[in-house]
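There are 6 protein chains.
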Amino acid sequence: MSSSIGEFRRYRERMNERILSSDNLGIKRFFALDTRAYEKGALTTKTKEMLGLVASMVLRCNDCITYHVIRCVQEGVTDDEFFEALNIALIVGGSISVPHIRRAIEILDQCREMQKKHQAIKL
Amino acid sequence: MSSSIGEFRRYRERMNERILSSDNLGIKRFFALDTRAYEKGALTTKTKEMLGLVASMVLRCNDCITYHVIRCVQEGVTDDEFFEALNIALIVGGSISVPHIRRAIEILDQCREMQKKHQAIKL
Amino acid sequence: MSSSIGEFRRYRERMNERILSSDNLGIKRFFALDTRAYEKGALTTKTKEMLGLVASMVLRCNDCITYHVIRCVQEGVTDDEFFEALNIALIVGGSISVPHIRRAIEILDQCREMQKKHQAIKL
Amino acid sequence: MSSSIGEFRRYRERMNERILSSDNLGIKRFFALDTRAYEKGALTTKTKEMLGLVASMVLRCNDCITYHVIRCVQEGVTDDEFFEALNIALIVGGSISVPHIRRAIEILDQCREMQKKHQAIKL
Amino acid sequence: MSSSIGEFRRYRERMNERILSSDNLGIKRFFALDTRAYEKGALTTKTKEMLGLVASMVLRCNDCITYHVIRCVQEGVTDDEFFEALNIALIVGGSISVPHIRRAIEILDQCREMQKKHQAIKL
Amino acid sequence: MSSSIGEFRRYRERMNERILSSDNLGIKRFFALDTRAYEKGALTTKTKEMLGLVASMVLRCNDCITYHVIRCVQEGVTDDEFFEALNIALIVGGSISVPHIRRAIEILDQCREMQKKHQAIKL
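Chains H, D, X, W, C and S are the protein sequences, given in the same order.
For the first sequence, position 60 (counting from the first letter as 1) is numbered 60 according to the numbering used here, and the numbering increases by one without interruption.
For the second sequence, position 27 (counting from the first letter as 1) is numbered 27 according to the numbering used here, and the numbering increases by one without interruption.
For the third sequence, position 14 (counting from the first letter as 1) is numbered 14 according to the numbering used here, and the numbering increases by one without interruption.
For the fourth sequence, position 13 (counting from the first letter as 1) is numbered 13 according to the numbering used here, and the numbering increases by one without interruption.
For the fifth sequence, position 123 (counting from the first letter as 1) is numbered 123 according to the numbering used here, and the numbering increases by one without interruption.
For the sixth sequence, position 102 (counting from the first letter as 1) is numbered 102 according to the numbering used here, and the numbering increases by one without interruption.
Bound conformation, chain H alone (with noise of 0.2 Å):
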């Protein structure tokens, strides 16, 4: 029902390298693009993965999740604004979205453990 956030990193690179090494310049392009999204502009960084976390959220993927959850941790969001984002997202896509809470809250304290133990929470 769970998996540690070094297992989802390992996954995620791997299959990305494997991905990207393929020829296809439109899903290459759509990496990057992806990328670029979430870089400081008129809105922080941290505004656009809080943006990011909501949308994975409503739209229910555990590994976009965990992904913007360990983004949000890294650019400084506190766990007041982290239950005022999820709360959102709570009341816009509905009770079928309360097991993705667990999940994004699960992998929350995680990371909060890992900061206690000053480890470096990598992606």
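Hints may be right or wrong, so weigh each one.
The list treats identical chains as interchangeable, and a pair is accepted whether it falls inside one copy or across any two copies.
Said to hold, decoys possible - Using 30 Å as the maximum straight-line C-alpha spacing, the simulated DSS-like pairs for lysine-lysine come out as follows:
1. Lys46 to Lys28
2. Lys28 to Lys116
3. Lys117 to Lys40
4. Lys46 to Lys117
5. Lys28 to Lys40
No lab work stands behind these hints: they were computed from the structure.
Note that the coordinates shown come from a computational prediction; the quantities given were computed from them, not determined experimentally.
Dock chains D, X, W, C and S against chain H, hints included.
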């Protein structure tokens, strides 16, 4: 590809406690509203749980399906009633919901097995 | 922002005839299966139509909502039963389904108006 | 293909009144929770409305988009901020959300037009 | 319940121009990637447009369906091929996609009418 | 984060047998219609399986993706064709489908490995 009812219950219980221990009033109230929506009113709880099951099927959330199958069993939904409700979910939601039909029946069979052994089906 | 029940019926009827006049057996059989799924079995047609309504609500399809509201009215669903079913759809599906709650109630009110005038509610 | 802000507001207002005049407590409480979720807390209302907008974009609900664009304008979201938020919605949600980008910009342009004429943008 | 091909084209053209006149590079590049994805490669444009049509059907976006039906007609998709592709969309996506089957056939019929009159089918 | 093709096949086979052993005619007929939709007609089975794959990608169902990747391999879809189809799914469905692209490629690579060893790829 499957996880036991017990594993689901423990994870759900642990994470719900964690979520409700936060200070976010909105999320707590949502959880309360969610519970109350299935209480007997003009419609029976049995009918309401079938509504919840079909909604979970067409939105394709395995944890929600697990929860509502168990609740339906507790409310006395028969096998024929289950299959008719799942048939409606299949017609409305299409073949993309077939893996979730498998999941629902797997959980149903686990519940029936427990009932044969006179085991309590708790949530 | 709204369209009358009559307009919906005529469009639906005309296009269904057009679709069923094609040579595609698969689509014709799907339409037949769809009709049969709501026939009385272990569950009443009334319960099945409410299942169809809630499924249409959480999947957010206005034409499907219009159809199932009318069918529910024909099967004798009361206002209290409607609101309880819609409440479950709202809890499961979230605020993104609010515009569809509006639609459902608008159609329900049109049906009640027709019933007061002893007009037949046809599909 | 488009409807004016005024028409949206009148329909929304009329139907919300109708819905809240019913006896269903669950729905009334959901509406109250929905309103409260966007109130200032650890996150500003402006940030929360952008979260609501992006959630509405990826779930592809035009009425919800219309509502949140108007609320974002009221909270002072700039054009650059709008386009960056919409870009994230587009990347996460894909080309299927392009028609909703069109809708969002159409409403935004109507709001800016009203602001130029010093008209109040009400909901 | 329906809108003409011409109305769709004019709205789409006007709003795309508006969107691409903004300074947001991300959105512009996404639009370019989107166009390129359907260009002939290992798969023909005809096959790719059918993939786009079925994707639009199961995601239930009328504007996207309108666009891909027109593109499929331009690429020479026959009526039998259309109905077989729509049948797959119907089986995968379920009865919730029936209103979109109606829409697809309505647009197809408008295109065939234009072809009979030797009118150009533009986008 | 991944499960082998063999595990998928055994679970699918076992549960399909269980489901088809029930008395529910509607579900049995749906399964039959589902199979028939991919049979050669005006479109080849290869094209139809690619339509099924893209539909499964944008609806984000890993089991359905696993099934259609295997069927596409059986029908002779080349790697270039796969990546072009996945690129369309990615453009239409957005970054939320990236985890499913990973899944599709993982299954594809397992199939290619089996082909190198002259192992039958069964379903």
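Quick rundown of the hints versus the structure:
Proximity of Lys46 and Lys28 under a CA criterion of 30 Å is satisfied in both settings, with 25 Å inside one chain copy and 23 Å between copies. Taking the shortest Cα distances, Lys28 and Lys116 sit within 30 Å of each other only across copies (27 Å), while inside one copy they are farther apart (37 Å). For the homomeric pair Lys117 and Lys40, the shortest alpha-carbon distance inside one copy (29 Å) is at most 30 Å, but the shortest distance between copies (33 Å) is not. In the homo-oligomer, the alpha carbons of Lys46 and Lys117 lie at most 30 Å apart inside one protomer (23 Å), although the nearest pairing across protomers, at 35 Å, exceeds that limit.
Taking the shortest alpha-carbon separations for Lys28 and Lys40, both the intra-copy value of 21 Å and the inter-copy value of 18 Å come in at or below 30 Å.
Against the hints set out earlier in the document, no violation occurs for any number.
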